[in-house]
Every structure is written in C-alpha cells, then in structure tokens.
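Student: Next come the chains, spelled out residue by residue.
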Amino acid sequence: MQALTNRVQVVERKPLSFWEKLYIPAIAKGMFITFSHIFKNKPTINYPEKTRPFSPVFRGLHVLNRDEEGRERCTACGLCAVACPAEAITMEAAERLPGEEGLYREEKYAAKYEINMLRCIFCGLCEEACPKDAIYLSETFAPANYTRKGFIYGKEELLIPDPKTQPEEFAKAKGLTK
Amino acid sequence: MAEEKKLLKVTIDNITIEVEPGTSILQAARRIGGDVAPPAMCYYTKLKGSGGKCRTCLVEVAAGSVADPRPMPKLVASCRTNVMDGMVVKNITSEKVIDARNGVVEFLLINHPLDCPICDQAGECHLQDLSYEHGKEGTRYEFPRRTFEKHDLGPYIQLHMTRCIMCFRCVYAADQLTEKRQHGILDRGDHAEIATYIQQSLEHDFIGNVIDVCPVGALTDKTFRFKNRVWFLKPVQAHRDCTHPKCCGKVTLWYRGEEVFRVTARKDQWGEVEDWICNECRFEKKKTADWEIEGPTVVNRHSVISQGHYVGVHKPKEVLYDVLDGLKPRLFMDIHSVSEVNEPGRDLSRIEGPAHSTDFKE
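Protein chains in written order, with numbering that gives the first Met the number 0: chain Z, 0 to 177; chain A, 0 to 361.
Check each hint, because a few of them may be wrong.
[As the list claims (entries may be wrong)] For each label pair, taking beta carbons as the anchor points, the in silico distance ranges come out as:
#1 A:Ser-356 x Z:Pro-166: 24 to 34 angstroms
#2 A:Ser-305 x Z:Asn-40: 24 to 34 angstroms
#3 A:Ile-97 x Z:Ala-82: 26 to 36 angstroms
[To be verified] SDA-like mimics (lysine to any residue), calculated; alpha carbons at most 20 angstroms apart, straight line:
#4 Z:Lys-131 x A:Glu-136
#5 Z:Lys-111 x A:Ile-334
#6 A:Lys-266 x A:Ile-97
#7 Z:Lys-131 x A:Cys-115
#8 Z:Lys-154 x A:Gly-32
#9 A:Lys-149 x Z:Lys-148
In case anyone wonders, no lab produced these hints; they're calculated from the structure.
Each residue gets a CB set at the ideal place from its N, CA and C atoms; glycine is no exception.
Generate the whole structure from the sequences, applying the supplied hints.
Tutor: Listed below in structure tokens is the structure:
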C-alpha cells in the first residue's frame with residue numbers, strides 16, 4: 000500500500016524476548032520517570048489561595064460603569080444589544096426625572112439592564128460598541144451557580160459600586176486594590 | 000392632435016434623461032435614482048416652497064443649456080434649480096461638489112449635539128446618514144453649542160431644539176396641512192429657533208406629521224419617547240378606515256413582539272411620506288385590533304432597521320415534539336420567571352409619554 004506521507008513507520012511485531020518478558024526493567028524505567036517529576040517545578044498553583052494574573056485583554060464578567068461623580072453612564076442606546084451575537088443583552092429605557100440628575104448622567108437611562116450569562120459568549124463586542132464607556136468586561140469570572148436562574152444578571156449584579164458612597168468596594172471592583 | 004410637450008434632455012453624472020419642463024435637477028436626479036440623487040435635508044416634495052436652505056443638495060452645472068452652454072459660476076442648489084434643455088450636471092462625479100457637501104455637513108453639525116445614543120431618531124436620521132457619508136471624524140468647533148429654553152409642545156410631540164438644523168420643513172407642514180399654524184421660527188440667525196408662541200400647545204388633527212417631516216431628532220413622537228430603539232422594531236404596513244376625511248389611514252406600524260410601539264406614515268425611498276396621516280391614527284391607535292395588517296415593510300438592506308432580518312424568515316419546523324412521541328421537551332427555565340425586562344404583564348407601549356423610574360416601581 001502506498002503511504003500517504005513520508006512519516007509512516009512500519010511497526011514490527013516480533014515476539015518478546017526473555018528480557019522483555021520479565022517486565023521488571025520496563026516497570027523500573029516507568030517508575031524512574033514518575034519519581035523524577037517530584038524534583039521538577041510544579042506547573043500548577045494552589046488556587047484559590049494563589050491566583051494567576053489575568054492578561055490585560057482578558058474578557059470576563061461585565062461591569063456597568065459609573066462616572067467620577069457616581070452617575071450611571073449607560074443611556075440604554077441599545078448598541079450593545081444590537082452588537083451582541085448571542086442576543087444576551089436586553090434593556091428597558093426610561094427618562095430621567097428632575098431630581099435624579101445625580102443618579103444618571105444623561106436624560107435617558109437604562110431602567111432595566113440584563114445580561115443572560117447563559118447566552119453570553121464573552122466576545123467583548125458590547126464593550127466595543129458602547130459609545131458611552133458604560134460597559135466593560137472585567138478581569139473576573141462569572142461565578143458558578145447551582146441554578147440557571149442565578150445566571151440572569153440584572154443591574155444589581157452588573158453595576159459598579161458608587162465611588163462616592165462606597166469608595167472601598169469601587170476600588171476593589173476597579174482592581175485598584177487587592 | 001394635441002401639441003406634444005417638449006421634453007428637456009439633461010445629463011446628470013453622464014446619465015442622460017428626458018424630463019418635463021419645470022422639473023428641478025433634484026427631481027430629475029431622483030428619477031435616475033441611486034447615488035446620483037443628491038441628498039436633501041430641507042427639500043420635501045410634498046411641501047410647497049420647501050428647499051434651498053440646507054445646501055446639502057448642491058450640484059455643479061457644467062453646461063447651462065443648449066442655447067447657453069457656459070457653466071454656472073457657482074454650485075447651485077439642485078432642489079430649487081430647474082433643468083434646461085442640454086444641461087450637464089455633475090453631482091458625485093464632481094470633486095467640487097463633494098468638497099462643498101463635506102463643508103455643509105460640518106456646518107450642520109456645528110450646533111448639532113452628538114447625542115445619537117439618546118436620540119429617538121437614531122437609525123432613521125437623515126443627518127446621521129449624511130454625516131456618515133460626508134462627515135469628518137472629529138470636530139474643529141471649540142465653542143459651546145447653542146442651548147435653548149425647553150418648550151413644551153403638548154402631550155404628543157417632543158421638541159429638542161438643540162438638534163434642529165433649521166430646515167423649515169415642520170413650519171411648511173404646519174402651514175400647509177393645518178388651517179392655523181401655531182408654531183414657527185422665532186428670532187434670527189444663530190438665535191433662530193422653532194417654538195410656539197407663548198407656550199401654546201399645538202392642537203390640530205394633522206400636526207403629528209411634523210414628526211415624520213423632521214429630518215433629524217428635533218421633533219419626535221412623545222408617545223414613543225425612549226420606549227425602544229427603531230432597529231429593534233419590526234415595521235409592518237397596515238391600514239384602517241379613518242373617519243377623518245383628509246387622512247388616508249395607510250400607515251407603518253412598528254412592532255416589538257405583540258406590542259405596537261409607534262405608528263408613522265409610510266415613507267418612500269427618499270424618506271418622504273407617501274401620504275399624511277391624522278393624529279388619531281398616529282397617537283391613539285396602538286393596538287393590533289385597530290388595524291388591518293398588509294405585510295412587512297420593505298426596508299433597504301443598508302438600513303440598520305433591517306438588522307433583524309425579519310422579511311422572508313424561514314423558521315425550521317419544531318421536530319422535537321414528533322420525535323418524542325408527543326412529549327413536550329422539558330423547559331428548564333422560563334425566562335420571564337427571572338427576567339425583569341419585557342415582563343409579560345407590563346406593556347411599555349401603553350405608558351403615556353416616556354417611562355420614568357416611577358413606572359418601574361412595583
């Protein structure tokens with residue numbers, strides 16, 4: 000039969016010799032390889048005590064951003080939802096009432112904002128589409144959950160803590176402190 | 000035998016067409032169609048006297064006519080210049096025109112706020128399209144943009160004066176469709192603004208048409224305000240027997256799911272309404288039961304509104320039911336049991352005016 004590539008090796012099927020039939024040298028050779036790994040560097044780390052640094056382009060859990068004064072940046076323009084290939088993002092917009100200027104940056108804001116983490120593929124297109132710097136993919140994982148219901152993330156889960164009222168949580172969410 | 004009307008030969012961008020005397024260059028170019036037709040922000044076929052204000056339809060006339068083949072010294076507004084026999088017009092083939100149009104767009108955008116993420120017109124805005132084709136990425140304008148005192152135009156129409164480009168279309172529409180115009184242009188020059196005198200609200204059966212006529216988001220539907228983005232809506236042609244003698248009753252319904260979010264007049268390929276509709280059709284009839292559906296609206300595939308690909312959708316048959324001998328597949332989660340968006344019991348389209356935080360408090 001003609002070989003398809005030049006890397007073909009013909010396997011010889013000779014009967015085992017006496018030395019090979021003993022198996023002990025083969026076992027000793029295998030054990031030597033096994034025990035030699037004790038003295039090598041460990042490629043694993045003790046998670047969660049130790050964590051590896053994320054790449055700066057890592058795309059993790061979404062965060063809805065606030066500006067310096069703690070106002071929500073999102074204006075519910077719908078560009079993230081239209082950019083989303085998995086159709087994971089939905090929202091409902093509302094008009095800002097007089098007196099809510101400290102809460103929302105623009106006249107219009109997202110009264111409801113939801114990301115279905117079961118659908119999300121963490122492609123980061125929502126972040127690219129956002130004209131208001133409102134949505135970011137952070138350097139954290141979406142935590143595991145026992146039920147599907149726990150993966151529908153609303154504004155409560157997504158919104159970054161207010162830098163004015165909760166400066167510590169805000170710094171932590173921003174990754175400024177460990 | 001009646002005397003035949005003499006047709007005028009006009010060449011626009013190397014395409015020759017014969018048109019009747021009295022046709023404007025813009026209309027002749029629109030008969031050719033495609034990219035040859037210059038953009039128009041202020042000219043509106045159905046409004047007498049409109050045009051000549053925005054200067055986006057400027058074209059170069061390379062030869063005036065057979066009798067006088069000299070070129071016109073300056074670029075002319077194609078909406079207000081009639082064709083002559085043997086006229087040679089350059090639109091997109093002329094660098095001068097493209098350059099001038101870029102300049103015009105920059106001027107139009109000087110005072111226009113870049114709040115497209117908030118604006119309800121985004122996605123069907125003529126200025127947005129125009130600036131994508133002709134605009135610069137950045138602005139050279141360093142001064143504060145104009146701001147105005149807010150005017151309340153009643154429960155149906157929302158005026159955003161900062162977005163206005165002074166095309167006068169709404170003024171002409173109000174003049175020609177309604178017996179008594181209540182709004183107009185106040186002040187002059189940079190201070191000019193669309194307003195109602197002494198905060199009078201506009202009350203006429205046809206005043207809603209100023210929303211359709213507005214090329215930007217200055218006049219928008221208050222009943223649709225912030226409810227949804229146009230590209231998530233599904234336009235559907237529909238009609239009803241309107242009791243108003245002047246209303247044609249032929250409209251486009253904009254659906255999201257089962258909800259009718261807004262009603263507009265039908266628009267042609269140039270973004271102009273086919274026929275005017277009355278306020279009752281536009282603002283009051285937001286139930287499917289009020290209308291007879293004709294079919295989906297044909298949307299230009301370059302438009303963002305066609306992103307939903309809802310025309311000619313072939314839904315594959317659900318085979319799981321047959322395969323499982325009539326057993327229904329197990330539903331692991333009903334999204335409405337968790338999700339707070341698009342709740343079945345709460346119809347945003349039923350709220351009068353824009354939703355507020357009070358509407359979301361259970």
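Student: For each hint, tell me whether it holds in the structure or not.
Tutor: Evaluation of the provided hints:
Distance hint for Ser-356 of chain A and Pro-166 of chain Z: a CB-CB separation of about 25 angstroms, consistent with the stated range 24 to 34 angstroms. Between Ser-305 of chain A and Asn-40 of chain Z the CB atoms are about 57 angstroms apart, so this pair departs from the stated range of 24 to 34 angstroms. Between Ile-97 of chain A and Ala-82 of chain Z the C-beta distance comes to about 31 angstroms, which sits within the given range of 26 to 36 angstroms. For the given pair, Lys-131 of chain Z sits about 16 angstroms from Glu-136 of chain A by alpha-carbon distance, which is consistent with the 20 angstroms threshold.
About 15 angstroms separates the Cα atoms of Lys-111 of chain Z and Ile-334 of chain A, which keeps this hinted pair within 20 angstroms; it holds. With a CA separation close to 27 angstroms, the supplied pair Lys-266 of chain A and Ile-97 of chain A exceeds the 20 angstroms bound. Between Lys-131 of chain Z and Cys-115 of chain A, the direct Cα distance comes to roughly 11 angstroms. Compliance with the 20 angstroms bound is thereby established for this hinted pair. Under the criterion of a C-alpha separation no larger than 20 angstroms, the hint pairing Lys-154 of chain Z with Gly-32 of chain A is inconsistent with the structure, at around 47 angstroms.
As the CA atoms of Lys-149 of chain A and Lys-148 of chain Z are separated by approximately 44 angstroms, the hinted pair breaks the 20 angstroms bound.
The structure shown violates the earlier hints numbered 2, 6, 8, 9.
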